[in-house]
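From first to last, the protein sequence lines stand for chains A and B. Using our numbering, count along the first sequence one by one with no gaps and you end on 159. Using our numbering, count along the second sequence one by one with no gaps and you end on 150.
Keep in mind that the hints were calculated from the coordinates and are not lab data. The structure displayed is predicted, hence computed values, not measured ones. Ideal Cβ positions, reconstructed from N, Cα and C, are used throughout, including at glycine. Wrong hints could be hidden among the right ones.
Claimed, not checked - Short, incomplete list of chain B residues facing chain A, as computed with Cβ under 10 Å: (1) I31; (2) W32; (3) A85; (4) T87; (5) H116; (6) L117.
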Amino acid sequence: MSHETFSLTRDIAAPTARVWRLWSEPELKAGWFAHNDGSDWTTEHYEMTFAVGGGEYGRWRQGGDHPAAKIGGLHENRTTYLSIEAPHRIVMAYTMALDGAVHSCSLATVTLSESARCTRLTYTETMSPVGQGDTPEARSAGVDWLLDALQKTAETPDN
Amino acid sequence: MDHHDLQFERRIKATPAHLYACLTDPEARQIWGAPGEGQVVIVDTPTPVEVGQRETSRCGPADNPYVTVHTDWLLLSPGEHVAYAETLSAEGAPLGITLANYAIAGHPEGSALTIHLHLTSYVGAEMKGEFEGGWAHALNNLQTLAERST
Chain A
1 MSHETFSLTR DIAAPTARVW RLWSEPELKA GWFAHNDGSD WTTEHYEMTF AVGGGEYGRW
61 RQGGDHPAAK IGGLHENRTT YLSIEAPHRI VMAYTMALDG AVHSCSLATV TLSESARCTR
121 LTYTETMSPV GQGDTPEARS AGVDWLLDAL QKTAETPDN
Chain B
1 MDHHDLQFER RIKATPAHLY ACLTDPEARQ IWGAPGEGQV VIVDTPTPVE VGQRETSRCG
61 PADNPYVTVH TDWLLLSPGE HVAYAETLSA EGAPLGITLA NYAIAGHPEG SALTIHLHLT
121 SYVGAEMKGE FEGGWAHALN NLQTLAERST
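Pulled out of the complex, with its shape left as it was, chain A reads as follows (with noise of 0.2 Å):
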């Protein structure tokens, strides 16, 4: 196992406040974080409790190449928080695992700052790959995804 660290940035046209919640809520996170995968990706569960020491899981099957991780079979994603400093800074870890394997683990930090036009969102993660089943450039992918349906939501009026 290595550390690998990526950094990713978003300049999302709404308030801190909107986006705090899009991470915050379960409802609201469900939106864009487990229902919007690509169309050969099931969603069999997803749950929440945002509070330090408590965490999120998820489980999703795909079926087909995707853009993130062209792997089919059963993902997923197991976290667990660790800091949250409202509305400017969540710290989390997880785990991926596919098929029941873990394939990698991760300390993430999320920061929000506004300014007069937007809020600023910074998305920086260490991640170590456990066996041969993932790679920084696959999670960097995978991120970069969510954070595009993240803005895409918080940028769309009335969510």
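We have chain A already, so just place chain B on it with the hints.
Then chain B, alone, in the frame of chain A:
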């Protein structure tokens, strides 16, 4: 926030199964986990060592273990991998969060242990030196314990 990565490697004369037990058993971790001479680790809320469980302990000088440590188990693969996140605070003030990954492999002498640590510090870069020294001390203790009790 400051981010630091560290890696340690040890060859330990103990089987992977025994080393895994030393890494996960609360009593064993109280013995080897102290970060320096005169320091202690006290596991206050022993919980089942299971993914998703959160354990609370105290760490620091024996007469004043003032650092609170929350350990969240992330990966438990007997004889192969252990991963957890540790959140450290003192009197309610956050100090840092660590992602710790242990990879265990069989070795002719027993086990080869590789540890990758990622530290996110809330108190600046000076934490790195203390952190590195503390881990080196604890891992020396782990080696001694694992080889003595195997």
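>> So, against the hints stated earlier in the document, which numbers end up violated here?
In response: 1, 2
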